[in-house]
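**Student:** Sequence:
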Amino acid sequence: MRGARSARSTTDYEAATGRIAGLPVRRHHVLLVAWTVLWFLLVEPSGGFSWHYLRQGEELLFSGQTDGGLALYAHHPELQIGPVSLAVARLFSPFPAHTGQLVAEAAMSGLGLVMLVLVGRTAAWYYLGTGTNHRRLQQRLLVAGLAFIPMWVEVSVRFAHLDDVLALFFTTLAAHALSRGRAVQVAVYLALAVDSKPWALAFAPLILALPRPAWLRTALWFAGLVAVAWLPFYLGDLDTVAAAKFTIPNQPASALRWFGVTDPTTPWWDRPLQFGLGLALGSIAVWRGRWPAVVLLGADARILFDPSVYTYYTASILLGTLLWDAVGQQRLVPWWSWIALAALYGGTLLIPSDSARGFVRLAFVVLSAAYVLLWPTRRGRRPRPGGDTGGRAARRRERVPAGAVG
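Take 1 as the starting number for the sequence shown in my numbering and just add one per residue.
Hints in this document: simulated from the structure, not taken from any laboratory. As the structure is a prediction and not an experimental result, all values here were calculated from the model. C-beta: ideal position from N, C-alpha, C; glycine also. Please note that the accuracy of each hint is not assured.
[Said to hold, decoys possible] Pair ranges (Cβ atoms, derived):
#, residue 1, residue 2, range
1, Pro272, Ala356, 46 to 56 Å
2, Gly236, Ala356, 22 to 32 Å
3, Thr247, Ala97, 27 to 37 Å
4, Val37, Asp239, 43 to 53 Å
5, Thr311, Gly110, 18 to 28 Å
6, Ala87, Gly110, 37 to 47 Å
7, Gln65, Ser355, 25 to 35 Å
8, Pro272, Arg217, 20 to 30 Å
9, Val37, Thr311, 12 to 22 Å
10, Thr311, His98, 28 to 38 Å
11, Leu373, Thr311, 19 to 29 Å
12, Phe246, Ser283, 23 to 33 Å
13, Leu91, Val37, 17 to 27 Å
14, Lys245, Ala223, 29 to 39 Å
Kindly generate the complete structure, drawing on both the sequences and the hints.
**Tutor:** Below is the structure:
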């Protein structure tokens with residue numbers, strides 16, 4: 001009788017958590033892994049478009065050449081890649097060129113799957129003690145992940161932008177740490193994101209989602225770690241400041257064109273406005289009690305004012321919609337992930353007019369930002385990130401553990 005009861009309990013637990021035959025693997029994991037492998041095999045033959053920038057940057061950074069080392073950014077402002085990314089790229093240098101690229105692309109693709117697990121666990125912790133149906137949460141994560149993976153393979157394989165990959169990966173870790181109330185970890189991960197790619201600064205309002213007494217300490221940790229990575233380059237060669245003024249072409253399909261900006265290259269005010277808008281929108285989201293929208297809003301600000309329209313930019317949008325669909329709301333169907341994929345990626349492939357593609361980008365930013373900031377959301381209880389979410393008592397009330405989604 002006791003054995004039958006134990007077997008039934010095991011079966012019930014596996015059904016509740018989605019585990020397969022007692023293994024630490026869940027059904028939605030298997031489907032997402034298969035989906036990732038499929039997209040990797042489709043894209044890899046034409047992948048690695050920008051990998052040579054990472055190879056060039058890490059070789060210069062660790063060389064004794066006059067245009068390398070701490071003078072790297074002063075002599076090569078086109079390498080808009082953070083020092084952490086260049087250090088990680090160094091790990092692939094022992095391999096032959098093509099093999100190193102292939103291993104890097106596979107590793108970056110795998111990080112996308114890790115991020116999906118982290119987002120699932122973030123959602124589970126965020127709704128701990130609210131009676132959340134974890135099977136529905138797994139289904140929501142699966143459907144959103146099916147939209148996320150194609151764009152993740154775009155940035156990790158087709159373009160092989162290790163810097164963007166690391167910036168988004170560390171931001172996901174910061175969001176997970178925030179759901180656990182770990183202030184120092186939030187600061188460390190956000191700093192690593194900025195040290196990988198400077199535009200990740202737009203995600204800094206996640207710090208404001210912590211309890212107010214932790215703001216100062218977290219901000220100091222964040223600022224200190226960013227300074228440790230970047231200040232040596234500015235002190236080593238004062239011309240490094242010029243790297244911040246590096247410009248790229250203003251493409252006809254950019255949303256900037258709809259603001260009447262016809263400059264052939266990046267206007268001088270563009271980057272400060274990107275950062276300022278991203279920080280402002282993220283801060284408003286936290287003030288509104290919607291910190292899971294911070295990443296989406298920061299990415300919105302980026303594509304709204306960026307003069308370029310590379311498809312890998314959309315990966316940051318898809319991470320933002322993934323966090324919003326999984327954590328920010330409890331709808332079964334993650335509409336925003338699929339709307340973003342159809343509008344920003346599908347539009348690039350199917351809309352022939354540059355002007356129309358720019359309008360679609362503008363429309364998506366306006367509508368998504370308005371929705372996550374203003375549309376009513378429904379939650380059983382809104383836990384405060386980093387605050388008291390019920391502790392052990394809440395865990396005892398939960399029918400499924402917080403790790404059930406991960």
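**Student:** So which of the earlier hints does this model not fit?
**Tutor:** 1, 2, 6, 7, 10, 14
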